[in-house]
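There are 2 protein chains.
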Amino acid sequence: MAKPTLEPERGFSRLRIDLAYDGTHFSGWAKQPNLRTVQQELEDFLSTLAKIEVSTTVAGRTDAGVHARNQVIHVDLPEDFVTSETGQNLKYRCNRVLPKDLRILDVQIAPNNFHARFTALRRHYRYQIIDDNQVVPPLKRFEVATWFRKLDIAAMNQAAKLILGEHDFFAFCKFREGGTTIRDLQRFEWRQIDGVIIADVVADAFGYSMVRNLVGASVCVGEGRFSPEWMRETLINKVRIPDSYVFPPEGLSLWQVDYPEPSQYLERIERTIAKRDEDF
Amino acid sequence: MAKPTLEPERGFSRLRIDLAYDGTHFSGWAKQPNLRTVQQELEDFLSTLAKIEVSTTVAGRTDAGVHARNQVIHVDLPEDFVTSETGQNLKYRCNRVLPKDLRILDVQIAPNNFHARFTALRRHYRYQIIDDNQVVPPLKRFEVATWFRKLDIAAMNQAAKLILGEHDFFAFCKFREGGTTIRDLQRFEWRQIDGVIIADVVADAFGYSMVRNLVGASVCVGEGRFSPEWMRETLINKVRIPDSYVFPPEGLSLWQVDYPEPSQYLERIERTIAKRDEDF
Chain S
1 MAKPTLEPER
11 GFSRLRIDLA
21 YDGTHFSGWA
31 KQPNLRTVQQ
41 ELEDFLSTLA
51 KIEVSTTVAG
61 RTDAGVHARN
71 QVIHVDLPED
81 FVTSETGQNL
91 KYRCNRVLPK
101 DLRILDVQIA
111 PNNFHARFTA
121 LRRHYRYQII
131 DDNQVVPPLK
141 RFEVATWFRK
151 LDIAAMNQAA
161 KLILGEHDFF
171 AFCKFREGGT
181 TIRDLQRFEW
191 RQIDGVIIAD
201 VVADAFGYSM
211 VRNLVGASVC
221 VGEGRFSPEW
231 MRETLINKVR
241 IPDSYVFPPE
251 GLSLWQVDYP
261 EPSQYLERIE
271 RTIAKRDEDF
Chain F
1 MAKPTLEPER
11 GFSRLRIDLA
21 YDGTHFSGWA
31 KQPNLRTVQQ
41 ELEDFLSTLA
51 KIEVSTTVAG
61 RTDAGVHARN
71 QVIHVDLPED
81 FVTSETGQNL
91 KYRCNRVLPK
101 DLRILDVQIA
111 PNNFHARFTA
121 LRRHYRYQII
131 DDNQVVPPLK
141 RFEVATWFRK
151 LDIAAMNQAA
161 KLILGEHDFF
171 AFCKFREGGT
181 TIRDLQRFEW
191 RQIDGVIIAD
201 VVADAFGYSM
211 VRNLVGASVC
221 VGEGRFSPEW
231 MRETLINKVR
241 IPDSYVFPPE
251 GLSLWQVDYP
261 EPSQYLERIE
271 RTIAKRDEDF
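Respectively, the protein sequence lines represent chains S and F. Take the first sequence: its position 23, counting from 1, is numbered 23 in this note's numbering, and each next residue is one higher. Take the second sequence: its position 260, counting from 1, is numbered 260 in this note's numbering, and each next residue is one higher.
Any given hint could turn out to be false.
Each pair may be met inside one copy or between any two copies, as identical chains are not told apart.
Below, in silico cross-link-like pairs of lysine-lysine (DSBU-like), each with a Cα-Cα straight-line distance of 30 Å or less [claimed, not checked]:
no. : residue 1 : residue 2
1   : Lys161    : Lys31
2   : Lys100    : Lys150
3   : Lys51     : Lys161
4   : Lys100    : Lys140
5   : Lys150    : Lys140
6   : Lys140    : Lys31
7   : Lys161    : Lys140
Calculated directly from the structure, the hints in this document are not laboratory data.
Okay, chain S solo, but in the shape it has when bound (with noise of 0.2 Å):
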């Protein structure tokens, strides 16, 4: 495949836009023909403003039903509507206009080596679940999984330290051609608030599915079906686990993406595309 553009073309600048949104209604992040996706909304809307046709580049592609709190995106636009738009006013016209379940959080501009995707340096994703056979509250219905059993959160956080590091995540990634699954998992801890278990998951990027696949994984073991050990061997093993175990999206968030400070971008770039070459 075709290496990206990395940087913007003459005549271009380029724009960091921080956003937000609510996966229920969306079909996911990435554009697909008749589907109502985020990428499709905030590219029609930038078309129409910026009088040409637009193309974002994203830090993490969210699936369908999958929320964000805060997801990055770039997108290059002609150099003399981003000096007339910039900023505050770009933000608060989007707002005014865009479906409230998508929100621009921040509009930056941005230097011209940043790259949503590939100067990343990590990003943190939030699972959350009402366990027990629980009521779930209204209010949050939009935002939790449920599961029947009770689950142990001391044992599912014993599993998840068996994990951390760089490994080959792949029994806990969906099958996608020519995608690496080799990931430094960096954090994965379980804990209860206001009745709702809540897992924070960072890695310097994630496979297919990986969230959710390790989120089942790690309620077999929370419910007592499998012991911690299990999940360190299944790592191992790299034998996939069953689509059953893979728990739904609504209950997912990416919550925060990581960049290094501007003069590192170059470097993490690089570093990024060496280790990822066949993942474009």
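Please build the complex by placing chain F on the supplied structure of chain S, with the hints as guidance.
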């Protein structure tokens, strides 16, 4: 008006039902022709189950768009139905069929002199605001109100303290024929958590639209339009604040209803009825 039936008829048992709802798509609690209301949904479903016409009594009549984290009702059902269906069984049957924006939290057989409205000691409401023209996180959009100016929480708390206690809250109640506006405001406190400004408001009972009036007046203080003392003057002068100050329903939730020990139900009913005879 006729006094309400205080105890169940012969052959009937009284149930206390705790429930929660997302008020967004309800025209409030109380039945109205051709509108979707919580009372109608519940009574229709319970009537079908119990095969008689069921009528409910509610602790806090909520307006269109107002949510409930924990509403309480009572309902009298035939003894043989109650024997076969109570508790967890009825709760799960309801939650399998009722829409997801209406959930049954608990079903209990109640003493005959339990009365959801008249034995209640106090009602707790919560109001949530996002101030300073900040972006509303998409998943919070159904449960917060917004304000464009920054609010001074210390000033709002100062004002709130000046109106605590038993007073005629006429200035903060929408007019309703025959209703008393003398209430005992037991708690009214503002705080900020994760960018959301939260009011906890507790009283023995509330007048029509009283919380949303109190919130609107507080915002006038919080944005610096009026001093905290204005709140107390408004209370004493008994001139109703303008409708344009009143805050919208989506920020409001009925949070909790407190009841005394069963041995005190009868005394509580008598006190409540004596106090607002005209307010049935």
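When the structure is checked against the list of hints, which entries are broken? Sort them ascending. 1 and 3
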